[in-house]
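Enquirer: Generate coordinates for the entire structure from the input sequences, incorporating the hints supplied.
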Amino acid sequence: MVLPLLIYGLINGSILALTALGFSLTYGISRVANFAYGALYVLAGFSAWFFLNRLKLSLFLSLLLSILLIGLIGAALYRIALIRVRGMPTSEIIVTFALGTAALEALRFFGFLGSHYTLPAFYSGALPVFGVPVDYQRLFIVILGAVLFLALWIFTHHTKTGLAMRAIAQDEQAAMMAGIDSDFMATLSVGLGAGLAALAAGILLPLSYIATESGSNILVYAIAVCIVGGLESTTGVLVASLLIGYAQMLSVIYLGPHYQMIVALLAILVTLILRPSGIFGKHKELEERV
Amino acid sequence: MKRSKTAIFAMALGVLAVASGIGLYCAVGSSASQPAGKPIIIGAPLSTQYLYGWAAQRGMVLAVEEINARGGVLVGGVRRPLALEVLDTRDLEPGVPLSEALLVVERLILEKKAAALVGGPVRSEAALAAMDLIAKHKKISILTTGALTPAYHRRVAENYEKYKYLFRITSEAGQLAKEAIDLLDSLRQADGFDRIFIMVQDVAHARAIGGLVAKGLEPKGWKVLGNEVYPTGALDYSTGLLKAKDQGAQILFVWMDHPETAILVKQWHDLKIPVLPVSGISGLVEQPGAWASSSGAVAYWVASPANAGNAPSNATPLTMKFYQAYTKRWLVEPEGYGASSSYVGIQVLARAIERAGSLDADRLAAALEKTDVTSAYGRIRFDPKSHQVIPSYDPKEGAVGTWFQWQQGKRVAVWPPTIATGKIRVPPWLEPKKG
Chain A
228 MVLPLLIYGL INGSILALTA LGFSLTYGIS RVANFAYGAL YVLAGFSAWF
278 FLNRLKLSLF LSLLLSILLI GLIGAALYRI ALIRVRGMPT SEIIVTFALG
328 TAALEALRFF GFLGSHYTLP AFYSGALPVF GVPVDYQRLF IVILGAVLFL
378 ALWIFTHHTK TGLAMRAIAQ DEQAAMMAGI DSDFMATLSV GLGAGLAALA
428 AGILLPLSYI ATESGSNILV YAIAVCIVGG LESTTGVLVA SLLIGYAQML
478 SVIYLGPHYQ MIVALLAILV TLILRPSGIF GKHKELEERV
Chain E
6 MKRSKTAIFA MALGVLAVAS GIGLYCAVGS SASQPAGKPI IIGAPLSTQY
56 LYGWAAQRGM VLAVEEINAR GGVLVGGVRR PLALEVLDTR DLEPGVPLSE
106 ALLVVERLIL EKKAAALVGG PVRSEAALAA MDLIAKHKKI SILTTGALTP
156 AYHRRVAENY EKYKYLFRIT SEAGQLAKEA IDLLDSLRQA DGFDRIFIMV
206 QDVAHARAIG GLVAKGLEPK GWKVLGNEVY PTGALDYSTG LLKAKDQGAQ
256 ILFVWMDHPE TAILVKQWHD LKIPVLPVSG ISGLVEQPGA WASSSGAVAY
306 WVASPANAGN APSNATPLTM KFYQAYTKRW LVEPEGYGAS SSYVGIQVLA
356 RAIERAGSLD ADRLAAALEK TDVTSAYGRI RFDPKSHQVI PSYDPKEGAV
406 GTWFQWQQGK RVAVWPPTIA TGKIRVPPWL EPKKG
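So the protein sequences, as listed, match chains A and E. If you use our numbering, the first sequence corresponds to residues 228 to 517, in order. If you use our numbering, the second sequence corresponds to residues 6 to 440, in order.
Where hints are given, some of them may not hold.
Stated by the list, open to error - Pair ranges (Cβ atoms, derived): (1) E:P99 <-> A:L282: 30 to 40 Å; (2) E:Q329 <-> A:L282: 26 to 36 Å; (3) A:L299 <-> E:P99: 26 to 36 Å; (4) A:R281 <-> E:N319: 36 to 46 Å; (5) E:A74 <-> A:L288: 44 to 54 Å; (6) E:N319 <-> A:V374: 52 to 62 Å; (7) E:P44 <-> A:R281: 36 to 46 Å; (8) E:E359 <-> A:L282: 28 to 38 Å; (9) E:V337 <-> A:R281: 15 to 25 Å.
Said to hold, decoys possible - Below, computed lysine-lysine pairings styled on DSS-like, alpha-carbon distance capped at 30 Å: (10) A:K283 <-> E:K415; (11) E:K117 <-> E:K141; (12) E:K390 <-> E:K183; (13) E:K390 <-> E:K141; (14) E:K333 <-> A:K283; (15) E:K183 <-> E:K375.
Calculated from the structure, these hints are not laboratory results. Don't be surprised by glycine CBs; every beta carbon is placed ideally from N, CA and C.
Expert: Rendered as structure tokens:
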């Protein structure tokens with residue numbers, strides 16, 4: 228079981244990384260813990276389904292429109308609600324959590340239930356990787372995950388907007404003195420984080436189906452990864468995802484599959500006790516923020 | 006200002022139109038309906054956001070509409086309509102405390118003045134917790150969906166005087182495990198399969214059934230290669246599937262009702278794991294939409310929506326009658342566990358009320374104990390001590406379960422042989438041991 232452990236651990240880690248990337252990016256730049264993240268992920272799934280099945284658009288276009296729409300919703304969330312409570316972490320959490328819960332409950336209320344809300348896989352079938360069969364969608368997840376991280380690194384290190392975002396993340400007041408619009412950058416970060424949630428939904432949901440209850444699972448995983456890796460660190464997201472991903476696979480193989488859910492929660496607990504700021508977190512006051 | 010006045014005027018017109026519509030509907034409705042007496046309130050505590058809740062609700066609504074269209078229920082010389090009060094227990098939702106379900110049961114009894122309860126609570130834990138509450142208020146309760154725990158009818162048998170108002174008209178874990186064992190052993194006899202890998206969800210009834218099936222198969226010559234328990238919400242089943250493949254399993258026995266079963270179905274299909282998947286109650290595989298939603302990946306999956314009528318079969322002359330009526334009413338075929346049993350639950354209660362001639366709980370309990378009718382899933386009788394519906398493989402003798410297989414986009418009844426309309430087929434990537 229060593230090869231399956233290595234291969235599926237990597238896949239598991241990539242899924243967790245995609246899940247958490249948007250949450251981490253938003254927090255890293257604007258210091259907003261967006262607890263509506265899970266709801267945005269689910270909304271993205273339903274909107275892509277709508278574009279694909281009701282408007283009969285192509286899968287690629289449906290996913291693209293869904294990412295744009297959810298990105299705009301994220302930006303609107305900041306401009307309409309979060310801007311009023313900016314800098315008050317508890318209020319930010321309450322606002323985003325309440326809006327997220329309301330969105331999920333509204334979806335349930337309007338009958339978005341059942342297994343018929345699905346997104347198709349990009350390509351069905353499987354490929355043996357060193358003799359271990361892996362379906363194409365999971366291979367796409369690993370490849371797209373790697374491409375996304377690379378693209379984000381280039382964006383934040385080699386574009387004017389990306390550098391401005393990093394400046395805000397490093398020292399907001401100094402960045403403002405340099406003429407960077409803090410609120411605009413925060414809007415962009417929440418919008419971009421929401422867009423990344425939508426991108427994750429488009430890639431991950433073909434593995435299962437679109438269920439409102441998956442919103443809370445996604446949020447828990449995103450928080451677990453970010454706390455372990457360090458809330459504001461993209462590298463931390465990558466490392467923590469792989470750590471949790473492999474730890475889950477190890478527990479599945481050697482302890483039993485029912486221990487895998489405990490791994491993520493245990494990782495939060497251990498991190499908060501031993502290193503509250505996370506593996507790559509730079510600030511010590513994490514426990515005051517979340 | 007002008008614009009707001011126009012808006013108010015338009016709104017007023019809209020309200021008037023809606024009110025007129027409602028008035029017209031009521032007028033037409035009242036002239037068409039026969040029952041004249043005060044409605045008999047039937048409380049339905051259901052987890053309405055989940056398959057086992059909404060399918061049950063639809064079954065009940067259909068039964069109530071049919072009964073009312075025939076003139077209602079005759080009680081003390083007066084024909085009274087049935088009125089269904091459905092409240093959401095949310096007991097199938099993760100993280101919702103059991104107290105929610107208990108509150109709903111109490112509201113139905115005290116606030117809605119339900120004469121009897123039909124439906125749930127749906128989770129076994131909630132149904133067990135509600136037993137004392139229902140017994141305290143001396144209300145008739147017929148469980149029709151969800152709760153599978155054998156502890157329910159065992160408790161009734163052990164303390165009959167206290168719990169004599171509680172009945173269960175649907176299957177339970179012990180019976181479903183027995184059906185699974187018999188079905189699997191028929192595969193051993195027919196195809197020579199004798200190696201099984203078990204994957205169940207980490208919930209009480211699923212773990213119990215996994216254990217019961219393993220225990221029941223081993224003495225019959227089966228080799229149980231694994232019995233893995235997956236947490237609710239697990240996102241990857243590859244390890245279990247690869248273990249099953251490496252160990253040479255021929256049957257994959259699955260018992261899961263969480264949405265993530267979709268991942269298992271798709272992984273099994275994409276990885277072409279050479280096992281025949283036999284799933285019991287499964288929120289995903291049971292549903293008529295499973296074929297489309299999985300893009301056909303669910304082909305060859307065997308599943309049980311518990312009672313006949315939840316999938317097409319000719320168990321009794323009433324089975325397809327119910328099936329078609331449900332499809333016509335809801336524009337979807339009966340979707341899974343809870344649909345036929347909830348429909349029959351209302352019918353059985355209505356007949357018991359007529360026989361008792363009263364809504365008195367003691368008289369109703371006595372009338373329900375004498376139930377002996379043919380239904381959409383066979384003959385309905387309750388065990389006089391435990392109030393559990395009496396099961397049988399013969400629909401003329403008792404309540405019959407159904408196991409179907411997804412074949413070319415259709416749910417084909419394959420077990421028990423008395424109601425089967427087709428035979429189990431194995432996936433092309435799994436060769437049966439015998440010719």
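Enquirer: 36 to 46 Å was suggested as the range; check whether the CB atoms of E:P44 and A:R281 agree with it.
Expert: holds (39 Å)
Enquirer: Is the Cα-Cα distance between E:K333 and A:K283 30 Å or less?
Expert: Roughly 27 Å between the alpha carbons, so the hint for E:K333 and A:K283 holds.
Enquirer: Below or equal to 30 Å on CA atoms is what counts here, so check E:K390 against E:K183.
Expert: Within the cut-off at roughly 21 Å; holds.
Enquirer: Could one say that the CB atoms of E:Q329 and A:L282 fall in the range 26 to 36 Å?
Expert: 33 Å Cβ-Cβ, so the 26 to 36 Å window holds.
Enquirer: Between E:K117 and E:K141, is the straight-line Cα distance small enough, at 30 Å or below?
Expert: It holds: about 17 Å lies between the C-alpha atoms, which stays within 30 Å.
Enquirer: Does the hinted range 52 to 62 Å hold for E:N319 and A:V374 at CB?
Expert: holds (55 Å)
Enquirer: Is the hinted range of 15 to 25 Å satisfied by the C-beta distance from E:V337 to A:R281?
Expert: Holds: the Cβ-Cβ distance is about 18 Å, inside 15 to 25 Å.
Enquirer: Mind checking the hinted window 44 to 54 Å against the Cβ distance between E:A74 and A:L288?
Expert: holds (48 Å)
Enquirer: At the C-beta level, are A:R281 and E:N319 separated by a distance inside 36 to 46 Å?
Expert: holds (37 Å)
Enquirer: Hint check: E:K390 vs E:K141, CA-CA at most 30 Å. Holds or violated?
Expert: Within the cut-off at roughly 19 Å; holds.
Enquirer: For E:E359 and A:L282, compare the CB-CB distance with the range 28 to 38 Å and indicate the outcome.
Expert: Once the Cβ atoms are compared, 52 Å apart, the range 28 to 38 Å for A:L282 and E:E359 is violated.
Enquirer: Go ahead and decide if the range 26 to 36 Å is satisfied by the Cβ distance of A:L299 to E:P99.
Expert: Given range 26 to 36 Å: holds, Cβ gap about 30 Å.
Going through the hint list in order, the structure does not satisfy hint 8, though it satisfies all others.
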